[in-house]
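Trainee: Can you build the whole structure from these sequences, using the hints too?
Taken in sequence, the protein lines are chains C and E.
Using this note's numbering, the letters of the first sequence map in sequence onto residues 1 to 261.
Using this note's numbering, the letters of the second sequence map in sequence onto residues 1001 to 1231.
If you are wondering where the hints come from, they were derived from the structure by calculation, not from laboratory data.
Wrong hints could be hidden among the right ones.
Taking CB as the label site, the calculated pair distances span [stated by the list, open to error]:
no. : chain 1 : residue 1 : chain 2 : residue 2 : range
1   : E       : Pro1179   : C       : Leu236    : 26 to 34 Å
2   : E       : Val1162   : C       : Ala49     : 47 to 55 Å
3   : C       : Gly232    : E       : Leu1211   : 16 to 24 Å
4   : C       : Gly144    : E       : Thr1090   : 35 to 43 Å
5   : C       : Arg170    : E       : Gly1091   : 50 to 58 Å
6   : C       : Ala169    : E       : Thr1090   : 51 to 59 Å
7   : C       : Ala9      : E       : Val1169   : 45 to 53 Å
8   : E       : Thr1090   : C       : Ile252    : 19 to 27 Å
9   : C       : Arg55     : E       : Ala1219   : 54 to 62 Å
10  : C       : Val248    : E       : Val1169   : 23 to 31 Å
11  : E       : Leu1158   : C       : Arg81     : 45 to 53 Å
12  : E       : Leu1066   : C       : Ala90     : 44 to 52 Å
13  : E       : Arg1121   : C       : Leu253    : 49 to 57 Å
A virtual CB, placed ideally from N, CA and C, is assigned to each residue, including glycine.
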Amino acid sequence: MSLPAATQARVFWRCLFIQAAWNRRGMQNLGFAFAIDPALRRIYLDPAAREEALRRHLGVFNCHPFMAAAILGGAIHHEERVAAGEEPGAAPAQYKAALQGPLAAVGDGFFWTALRPFVGAAAVVGALTVGWLPVVAALLVYNGIALALRWHLFQAGYRLGDGVVGAIARLSLPRQADRLRFAATALCGAAAGLLLLAAWRSGRPALHGLSTAAAASVAVGAGVSWLALSRGAPLLPLAYAAIAVAVVAAVILGGHLVGGA
Amino acid sequence: MPFLVLGLVAGLAAVERKGFLQAMLSRPIALAPIAGLALGDAAGGLFVAPPLELLWLGAVNMGAALPLHETLATAAIAGGAVLGGRALGTGVTGSVAVLAVLLCAPLALLGRSAERLGERRNEALAVRAENALSCHDARAAAAMNLRGMLLPFGINALLAAVGAAATGVVIPFLLRDAPSSERALGLAWWAFCGVAAAAGARSLRCRRAGLVFAAAAGAVALVGLVAWRAG
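Mentor: Given below as structure tokens:
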């Protein structure tokens, strides 16, 4: 635990670029090597030892980019032990290999399929009711949570090494993810309701028929899409089909749409 | 000049989406207003943002799987809608927005192919990093990572600017020559919004999702209708 705070901050900053050169050969290997390099420069004063350590981190690595911060901190923890002669040189790579899969699953489940959609859906509801201000607020909240967690995970990995698993388990991310997904689904429903209202008001008071048709378009579009997506319909062709059907329906209904209230 | 600014925004968003930070600035709800702002009409961008965010709520980059490139498509749709609306003198309306979606949504597929191309190029960067390390140039080996951001930036900047420019020309051409289509396309926009809301909720794979979605939609619509009638 001898890494200066400035070096830790530098490693954390570089960790934000972990997917900059994602590739199918080593996945996040270049990003990981780039991030850990300032720490290796501090830990290994002998250039040959430093090169050997960097070579270890050019091996295959892939994890959720936020959860990778924990593994990065832990890898530095193990590199310090390797440099002190307390562990064999293979220990950091074994640590990475053991944790990357499970932490990727936790990160994907929490950040990508729960927190981010929840914030996105909340921002949509805010944009439909108020305007741009809730969108900015939602982004600030998301980044506050994401960056704080990334820093916390990095620090926990560095301090605890293998013990980071317990620290992550205490966050109960899978349980929080279930709640967020439920709330996000409700927010999508709320957004559908707001869009239906906006459609209903779009032609009023002059074009009563058009208002009804617009609201029906939202409701039918959502209902039919739900059923089609449940049966595995691809998204973009479905959107094109819905647009085409609405245009044809409007042409067929013709003059009925412009009837006054 | 506006296309350069839009290209810059789209390129930076593509880098932010995967290569750096992942702060949601490349998500449609943030990017569409920013792209609109870059072209002088943030409100126009904000008009198209909610349904695009809902449509691509499930576009997630997990492991080696590549989702549709919602960022590229959003930049082109928002930019094209703003330019088309400005050329017509109407601003971004439902009919303008739905035409922009029709014309630019396939860029999401093209963007995915471009991302795959970038990954192949990055394999070469990985080889170069190993070679640099073999030549005892550890600093160059580590810094190779940053070069991976150049291709996504360039491709997305170019495609978004070209897509928006073409859309901005085609939309006025279509709507000026067939003004009767305005109403039909307006309805199509609302149908698209319905599809987007359902797609967003479906992508979350929540238990009892259908019930939760329908109940929330019904409750909000009912409360809104009562408030509107009372007001």
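Trainee: Using the beta carbons of leucine 1158 of chain E and arginine 81 of chain C, state whether their distance is inside 45 to 53 Å or not.
Mentor: Given range 45 to 53 Å: holds, Cβ gap about 48 Å.
Trainee: Taking the CB of glycine 232 of chain C and the CB of leucine 1211 of chain E, does the distance hold inside 16 to 24 Å?
Mentor: 21 Å, holds
Trainee: Taking 23 to 31 Å as the stated bounds, is the beta-carbon spacing between valine 248 of chain C and valine 1169 of chain E within them?
Mentor: Given range 23 to 31 Å: holds, Cβ gap about 26 Å.
Trainee: Holds or violated: 45 to 53 Å for the Cβ distance of alanine 9 of chain C and valine 1169 of chain E?
Mentor: Distance hint for alanine 9 of chain C, valine 1169 of chain E holds at roughly 48 Å.
Trainee: Determine whether the Cβ-Cβ distance between arginine 1121 of chain E and leucine 253 of chain C falls within the hinted range of 49 to 57 Å.
Mentor: With a Cβ separation near 51 Å, arginine 1121 of chain E and leucine 253 of chain C satisfy 49 to 57 Å, so the hint holds.
Trainee: Holds or violated: the 54 to 62 Å window for the beta-carbon distance between arginine 55 of chain C and alanine 1219 of chain E?
Mentor: 59 Å, holds
Trainee: 26 to 34 Å was suggested as the range; check whether the CB atoms of proline 1179 of chain E and leucine 236 of chain C agree with it.
Mentor: 28 Å, holds
Trainee: Does 19 to 27 Å hold as the CB distance between threonine 1090 of chain E and isoleucine 252 of chain C, or does it fail?
Mentor: With Cβ atoms ~25 Å apart, the hint holds.
Trainee: State, for the Cβ atoms of glycine 144 of chain C and threonine 1090 of chain E, whether the hinted interval 35 to 43 Å holds or is violated.
Mentor: 39 Å, holds
Trainee: Assuming the hint says 50 to 58 Å, is it satisfied by the Cβ distance from arginine 170 of chain C to glycine 1091 of chain E or not?
Mentor: 51 Å, holds
Trainee: Holds or violated: 51 to 59 Å for the Cβ distance of alanine 169 of chain C and threonine 1090 of chain E?
Mentor: 55 Å, holds
Trainee: Is the distance from the Cβ of valine 1162 of chain E to the Cβ of alanine 49 of chain C consistent with 47 to 55 Å?
Mentor: Holds - the Cβ-Cβ distance for valine 1162 of chain E and alanine 49 of chain C, about 50 Å, lies within 47 to 55 Å.
Checked against the numbered hints listed earlier, the structure breaks hint 12 alone; every other hint is satisfied.
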